[in-house]
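These protein sequence lines are chains A and B, in that order.
Quick note on the working numbering: the first sequence kicks off at 1 and runs consecutively.
Quick note on the working numbering: the second sequence kicks off at 294 and runs consecutively.
Honestly, the hints are just simulated from the structure, not real lab data.
Treat each hint with caution, since some may be false.
What the hints assert, rightly or not - Distance condition first, Cα-Cα at most 30 angstroms in a straight line; then the derived DSS-like pairs of lysine-lysine:
id : chain 1 : residue 1 : chain 2 : residue 2
1  : B       : 594       : B       : 615
2  : B       : 647       : B       : 475
3  : A       : 230       : B       : 615
4  : B       : 624       : B       : 644
5  : A       : 132       : B       : 312
6  : B       : 607       : B       : 647
7  : B       : 590       : A       : 132
8  : B       : 644       : A       : 132
9  : B       : 438       : B       : 420
10 : B       : 312       : A       : 171
11 : B       : 554       : A       : 132
12 : B       : 590       : B       : 624
Claimed, not checked - Now the in silico label distances, taken between C-beta atoms and shown as ranges:
id : chain 1 : residue 1 : chain 2 : residue 2 : range
13 : B       : 301       : A       : 251       : 24 to 34 angstroms
14 : B       : 386       : A       : 193       : 22 to 32 angstroms
15 : A       : 16        : B       : 748       : 22 to 32 angstroms
16 : A       : 267       : B       : 354       : 18 to 28 angstroms
17 : B       : 386       : A       : 59        : 45 to 55 angstroms
18 : A       : 12        : B       : 422       : 32 to 42 angstroms
19 : A       : 186       : B       : 306       : 30 to 40 angstroms
20 : A       : 41        : B       : 544       : 56 to 66 angstroms
21 : B       : 422       : A       : 100       : 21 to 31 angstroms
22 : A       : 267       : B       : 362       : 22 to 32 angstroms
Claimed, not checked - Not the full set, but computed from the structure, chain B residues with beta-carbon under 10 angstroms of chain A:
id : residue
23 : 334
24 : 516
25 : 697
Note that the structure is a prediction, hence the values are computed from the model and not measured.
The C-beta atom is built at its ideal place from N, Cα and C for all residues, glycine as well.
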Amino acid sequence: MSVEDVLSRGAHLLTVEVRLLWAVGILYMVAAILSLYGLITATHRSGRMPHAILGFTLILHTGVILLRIFETGRAPFQTLYESLSWFSFTSAVTYLFVSKRWRRVGLPCFFVTLIASCAIFYALLGRSPEAKPLSPPLQSWWFEWHVVVAFSSYAVFVVSSAFEATYLIAKRLLKTRDYALGLAPEELKPFRTMATKLVIFGFPMLTFGIFSGAAWANEAWGRYWGWDPKETWSLITWTVFAMYLHAQSVPRWRENVASTLNLLGFVCMIMTFLGVNWLSKLLGIPSLHAYAV
Amino acid sequence: MRRAENIKRRVYRWFSSIKTSVYLFALLVVFYFIGTIFPQGADIERYAEAGGRFVEAVRLFGFLDIFHTPLFYLVAVLLLINLSVCTWDRFQRVRKRAWRESPDVERRLSLALSYRETEELLEEFIKKQRFRLISRDEDTLTAEKGIYYRYLTLLYHAGIVLCFAGFFLTGLFVKEGLLILKQGEPTPIESQMMPEVRGWLAPEEPPQFKIQLDEFRTEYILSRKLNYPEDGLSRLAIALGWQDITYTEEERFYPKDWFSKLRILVNGSTALEKTIEVNDPLRFEGYTFYQVGFEEKLKLKINDKVFTISTGRKKNIEELGKTLIFTGFRKGTLFKPDGTVEQIRPFVTLKELKEDGTRITLGRLHLGESMEIDGKSLRFEGFEETSILSYRYDPGVGLLWYAGFFVFAVMSLRCLGRWYMLRFRIDEDEGGKTILTVAIHCRGLMADSQRVSALLNTHLERYVRR
Ligand code: HEM
Numbered sequence: 001m002s003v004e005d006v007l008s009r010g011a012h013l014l015t016v017e018v019r020l021l022w023a024v025g026i027l028y029m030v031a032a033i034l035s036l037y038g039l040i041t042a043t044h045r046s047g048r049m050p051h052a053i054l055g056f057t058l059i060l061h062t063g064v065i066l067l068r069i070f071e072t073g074r075a076p077f078q079t080l081y082e083s084l085s086w087f088s089f090t091s092a093v094t095y096l097f098v099s100k101r102w103r104r105v106g107l108p109c110f111f112v113t114l115i116a117s118c119a120i121f122y123a124l125l126g127r128s129p130e131a132k133p134l135s136p137p138l139q140s141w142w143f144e145w146h147v148v149v150a151f152s153s154y155a156v157f158v159v160s161s162a163f164e165a166t167y168l169i170a171k172r173l174l175k176t177r178d179y180a181l182g183l184a185p186e187e188l189k190p191f192r193t194m195a196t197k198l199v200i201f202g203f204p205m206l207t208f209g210i211f212s213g214a215a216w217a218n219e220a221w222g223r224y225w226g227w228d229p230k231e232t233w234s235l236i237t238w239t240v241f242a243m244y245l246h247a248q249s250v251p252r253w254r255e256n257v258a259s260t261l262n263l264l265g266f267v268c269m270i271m272t273f274l275g276v277n278w279l280s281k282l283l284g285i286p287s288l289h290a291y292a293v
Numbered sequence: 294m295r296r297a298e299n300i301k302r303r304v305y306r307w308f309s310s311i312k313t314s315v316y317l318f319a320l321l322v323v324f325y326f327i328g329t330i331f332p333q334g335a336d337i338e339r340y341a342e343a344g345g346r347f348v349e350a351v352r353l354f355g356f357l358d359i360f361h362t363p364l365f366y367l368v369a370v371l372l373l374i375n376l377s378v379c380t381w382d383r384f385q386r387v388r389k390r391a392w393r394e395s396p397d398v399e400r401r402l403s404l405a406l407s408y409r410e411t412e413e414l415l416e417e418f419i420k421k422q423r424f425r426l427i428s429r430d431e432d433t434l435t436a437e438k439g440i441y442y443r444y445l446t447l448l449y450h451a452g453i454v455l456c457f458a459g460f461f462l463t464g465l466f467v468k469e470g471l472l473i474l475k476q477g478e479p480t481p482i483e484s485q486m487m488p489e490v491r492g493w494l495a496p497e498e499p500p501q502f503k504i505q506l507d508e509f510r511t512e513y514i515l516s517r518k519l520n521y522p523e524d525g526l527s528r529l530a531i532a533l534g535w536q537d538i539t540y541t542e543e544e545r546f547y548p549k550d551w552f553s554k555l556r557i558l559v560n561g562s563t564a565l566e567k568t569i570e571v572n573d574p575l576r577f578e579g580y581t582f583y584q585v586g587f588e589e590k591l592k593l594k595i596n597d598k599v600f601t602i603s604t605g606r607k608k609n610i611e612e613l614g615k616t617l618i619f620t621g622f623r624k625g626t627l628f629k630p631d632g633t634v635e636q637i638r639p640f641v642t643l644k645e646l647k648e649d650g651t652r653i654t655l656g657r658l659h660l661g662e663s664m665e666i667d668g669k670s671l672r673f674e675g676f677e678e679t680s681i682l683s684y685r686y687d688p689g690v691g692l693l694w695y696a697g698f699f700v701f702a703v704m705s706l707r708c709l710g711r712w713y714m715l716r717f718r719i720d721e722d723e724g725g726k727t728i729l730t731v732a733i734h735c736r737g738l739m740a741d742s743q744r745v746s747a748l749l750n751t752h753l754e755r756y757v758r759r
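Go ahead and model the full structure; you've got the sequences and the hints to work with.
Here it is, written out as structure tokens:
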């Protein structure tokens, strides 16, 4: 079934899809609230509930993504609406996969589910679910791979920074207690190793994301790099994570400097997403788009 | 003399340090950051007019073209030197395996076996688990599995040096510009004074061939616009089932593809023919031609007066006392939702621009037909079409692709793969018994030192003295 087929009929499938996606967004939010509740009341057994909800939401979310594929007859990563849904899906899957050993630790679950639900609500409230035919520049094998890999790497970094932030807070709390946020002192190191492993996993993906974007731009317009703000922000994110990986091999930087860089990488990633427009506005600097040639 | 040596050593140390790379990366990030908030390529006067801040600093430091300032090049070159020196320095050490690394797992076991028996048992383990025995000293056996990760790290860092070489080749030799082609006219490259990028060492002489557009085609997909509300509350109403998403009746022609049938002419005869589209360029003698767009000029007639206008523009038509906008010129092939394909009768959509800025759609005007506006007849006489191509000559891009792919592949192998090294030291204990010291090193996400340790446990279990 092609885009044209779908567009020729009524929009009931799309309506169903949008409603299901609302349900997914709300369920992610419920998982976030329950994790927060577990954190506040310090009943770490309540970690089971948010994870169970997260598992169920992921099944539903898989259904929504499959429905989208059925509707459009192509990979579901081509509009920002679709990519946001993919991003929250991959973040949640990555989290569920790597958190097996750390179900008691509620903070990363709160962080990831909150981001996943925000991404879904942004897609639903800020973007249109319309499946337009692809404009000629987007009709490229590179584009699909570029988006799927780049967004998947972002998901991995989200989970990594959730672990890193939890590690930093727990480290501080453990100075005065024997147990904090579901972690005992001897568990801190392996918990943090998870954050590093995730960056090591995501970094080659982000490298491919940037590389494939350049290859695609080269094929479509003949210029592989144009220093456009989005491109530049993705390069900033990449460079910050490269700094993080290098800081790991400098003994004095392995701890705090590296942790700060991981969190900074996350901020840069969000900047890549939201673009730099609001920052230009904030500083009263006319954005590039005003001069677009 | 000694002072010079000292300085040389210190410079070498600085350039071979990872800390230096982190500082240089940080500096680059500062440049990138500036490049994202100041509009790159903008004119300083226009920037000031548009209310841009920090005008003096912007002028002084070249913030509007930050990626072409000497300071930026300096940092990039320092990073390149750092990368090259560091890679070379580590290469020397890796070759000699001169690293002192702390193992991921270290254990001491007392075995009820003689030295010889322990050695045999370990060799059996190495063979069974498909490790390679890489060295056997007096009392130490070293075995490895996978590619030594430091080789991989070195290899892809060297690959990054090659990527830099690709960038520099591009910077030095690139030539880039726009070509506007009219059907049937052989056009020399670089004849049109279009915005152009030229590297310092780019060949001066223009290429000896010409390019000709034989045909230009467009294809469209017919569909309808989605009626998706703009405001959040209505979107919420959809979620709650109070409202449905529908399609409007408004027809939309979405561009499906644009094609230029091109011919390369060398001394008047055809050397190559190809129909290009976006994402499928034509390559000839180091030049690549890309389809970037097209432009149509419409010929219209009112009261025997003919005028031409580009599509999408507005024009004040004195005879009518109105400002008209000529949008959405469509011609070519149309793919319809029911699967049928038809040729579009060329048409343009006319809109009237009112003084308060509102636009009123007057309707479609087909080629060869007229529209009555306020009792006057506006006729669509004809159109002229040009295809817009960009061209690029870039001897660096090939190297960049190969090196980039190499970096990605080797980096993935390093990060996602697995490498193990086992070091066994056997010390003879009294009474023909041995003390075995096992050090397990591993790298890569697939590596699991605990698993290897457990396997070793199982293998030695029967002989361990508690
Ligand atoms: C320009 C971009 C660069 C990128 C993308 C990059 C990437 C990486 C990555 C991902 C790692 C961690 C994985 C591994 O150990 O293989 C790493 C490690 C390393 N990098 Fe780089 N690097 C760059 C530049 C440099 C430079 C300029 C130096 C020179 C000092 C350098 C020296 C090293 C060393 C020695 C390691 C190994 C650290 C260790 O485990 O002991 N890299 N690099």
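Here is how each hint holds up against the structure:
1. 594(B) <-> 615(B): Measuring from Cα to Cα gives roughly 15 angstroms; hence the hint holds.
2. 647(B) <-> 475(B): violated (35 angstroms)
3. 230(A) <-> 615(B): violated (41 angstroms)
4. 624(B) <-> 644(B): Distance of about 18 angstroms is within 30 angstroms: holds.
5. 132(A) <-> 312(B): Judged against 30 angstroms, a Cα distance of about 48 angstroms means the pair is violated.
6. 607(B) <-> 647(B): Roughly 11 angstroms between the alpha carbons, so the hint for residue 607(B) and residue 647(B) holds.
7. 590(B) <-> 132(A): Within the cut-off at roughly 28 angstroms; holds.
8. 644(B) <-> 132(A): holds (24 angstroms)
9. 438(B) <-> 420(B): holds (11 angstroms)
10. 312(B) <-> 171(A): Roughly 25 angstroms between the alpha carbons, so the hint for residue 312(B) and residue 171(A) holds.
11. 554(B) <-> 132(A): Holds - the C-alpha atoms of residue 132(A) and residue 554(B) are around 27 angstroms apart, at most 30 angstroms.
12. 590(B) <-> 624(B): holds (13 angstroms)
13. 301(B) <-> 251(A): 24 to 34 angstroms: Between residue 301(B) and residue 251(A), where Cβ atoms are some 26 angstroms apart, the hint holds.
14. 386(B) <-> 193(A): 22 to 32 angstroms: This hint holds: roughly 25 angstroms between Cβ atoms.
15. 16(A) <-> 748(B): 22 to 32 angstroms: Given a distance of about 51 angstroms, which is not inside 22 to 32 angstroms, the answer is violated.
16. 267(A) <-> 354(B): 18 to 28 angstroms: Hint holds: Cβ distance 25 angstroms, inside 18 to 28 angstroms.
17. 386(B) <-> 59(A): 45 to 55 angstroms: Check passed, 51 angstroms falls within 45 to 55 angstroms.
18. 12(A) <-> 422(B): 32 to 42 angstroms: violated (58 angstroms)
19. 186(A) <-> 306(B): 30 to 40 angstroms: holds (37 angstroms)
20. 41(A) <-> 544(B): 56 to 66 angstroms: holds (58 angstroms)
21. 422(B) <-> 100(A): 21 to 31 angstroms: holds (26 angstroms)
22. 267(A) <-> 362(B): 22 to 32 angstroms: holds (26 angstroms)
23. 334: holds (7 angstroms)
24. 516: Since chain A brings a Cβ to about 4 angstroms from residue 516(B), closer than 10 angstroms, the hint holds.
25. 697: Holds - the Cβ of residue 697(B) comes within 10 angstroms of chain A, reaching about 5 angstroms at its closest.
When the structure is compared with the earlier hints, violations turn up for hints 2, 3, 5, 15, 18 and for no others.
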